[in-house]
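Enquirer: Sequence:
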Amino acid sequence: MAWHASPQAGPDDKYNIFYNVTSDSDEIARLSALQAVAKSDGKAKVVILTDSLYEIALRKANVMKEVIEKCQDCKVLEFIDTPLADTSSRMPSLTFSLLQKYGDDLQYTLAINDLYFDFMSPSLRSANKGEMPYNISAGDGSVTAYQRIRNNDKQFATVPEPLNLHGWQLVDELNRAFSKEKPSGYITPAHLVIQENVAFDGGDKNLYDPQNGYKEAYKTIWGVQ
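Going by our numbering, the sequence shown opens with residue 43, and the numbers climb by one from there.
Calculated directly from the structure, the hints in this document are not laboratory data. Think of the CB as a built atom: it goes at the ideal place given N, C-alpha and C, for glycine as much as any other residue. Each hint should be verified, as a subset may be incorrect.
[As the list claims (entries may be wrong)] Estimated spans, in silico, between C-beta atoms of each pair:
#1 Lys85 x Asp246: 21 to 27 Å
#2 Asn170 x Gly84: 15 to 21 Å
#3 Asp54 x Leu95: 37 to 43 Å
#4 Asp246 x Ser226: 25 to 31 Å
#5 Ala259 x Ile236: 41 to 47 Å
#6 Asn104 x Ile236: 45 to 51 Å
#7 Pro134 x Leu216: 40 to 46 Å
#8 Asp83 x Thr124: 27 to 33 Å
#9 Asp54 x Lys261: 26 to 32 Å
#10 Tyr144 x Asn217: 48 to 54 Å
#11 Gly227 x Gly84: 32 to 38 Å
#12 Lys112 x Asp246: 32 to 38 Å
#13 Ile263 x Tyr144: 50 to 56 Å
#14 Asp83 x Gly227: 33 to 39 Å
Between the sequences and the hints, there should be enough to build the whole structure, so can you do that?
Expert: Structure follows, in structure tokens:
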């Protein structure tokens, strides 16, 4: 049993994994990039941030790049590989460098994780930038990301992971494995959080916890009260 062991959800015979519980990373990346396309009316100019140390991060970034490049009047300004582990030291100077290089053309930043924006946002504030660039994260859904989105503070959107739901699914997949049953095949759909819906589905607690009755459904499957 695994959680986030690879970009794809489901069984992985190569690593003897009964079921890898994760959201669909490609769907998350597409949803994030399409949000930039839609908000810009098909004219988004974007910078993409990723960390090639992680297979899933590089895959997300490449999917986002493909979506933007398929948009006729959109443009990928730069595809940047910068380590998540060094965001605190790298992002402030990188942010100022991007502002100097692209000016008002720096319209959207698509990142594979909210962590980049933890250290990009203060630099944008000190540079007295307005709403732009619109920062969109293809994954995570951190407490600070929820706060920034709620306050319209240098982050426009995130596509969070439903950690509690994944925990319940892991227990269910274990039960299936112990009972010699097939895995569920369930993959949580991607969920875009913006200011208009940030208060729902756990957003008041700064997390994504779908209010779809999943706990009751699992209890019914397990035959428990």
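Enquirer: For every hint, state whether the structure bears it out.
Expert: Tested hints:
{"no.": "1", "hint": "Lys85 x Asp246: 21 to 27 Å", "result": "34 Å, violated"}
{"no.": "2", "hint": "Asn170 x Gly84: 15 to 21 Å", "result": "28 Å, violated"}
{"no.": "3", "hint": "Asp54 x Leu95: 37 to 43 Å", "result": "20 Å, violated"}
{"no.": "4", "hint": "Asp246 x Ser226: 25 to 31 Å", "result": "29 Å, holds"}
{"no.": "5", "hint": "Ala259 x Ile236: 41 to 47 Å", "result": "27 Å, violated"}
{"no.": "6", "hint": "Asn104 x Ile236: 45 to 51 Å", "result": "24 Å, violated"}
{"no.": "7", "hint": "Pro134 x Leu216: 40 to 46 Å", "result": "43 Å, holds"}
{"no.": "8", "hint": "Asp83 x Thr124: 27 to 33 Å", "result": "29 Å, holds"}
{"no.": "9", "hint": "Asp54 x Lys261: 26 to 32 Å", "result": "28 Å, holds"}
{"no.": "10", "hint": "Tyr144 x Asn217: 48 to 54 Å", "result": "52 Å, holds"}
{"no.": "11", "hint": "Gly227 x Gly84: 32 to 38 Å", "result": "35 Å, holds"}
{"no.": "12", "hint": "Lys112 x Asp246: 32 to 38 Å", "result": "36 Å, holds"}
{"no.": "13", "hint": "Ile263 x Tyr144: 50 to 56 Å", "result": "51 Å, holds"}
{"no.": "14", "hint": "Asp83 x Gly227: 33 to 39 Å", "result": "38 Å, holds"}
The structure fails to meet hints 1, 2, 3, 5 and 6 from the earlier list, while all remaining hints are met.
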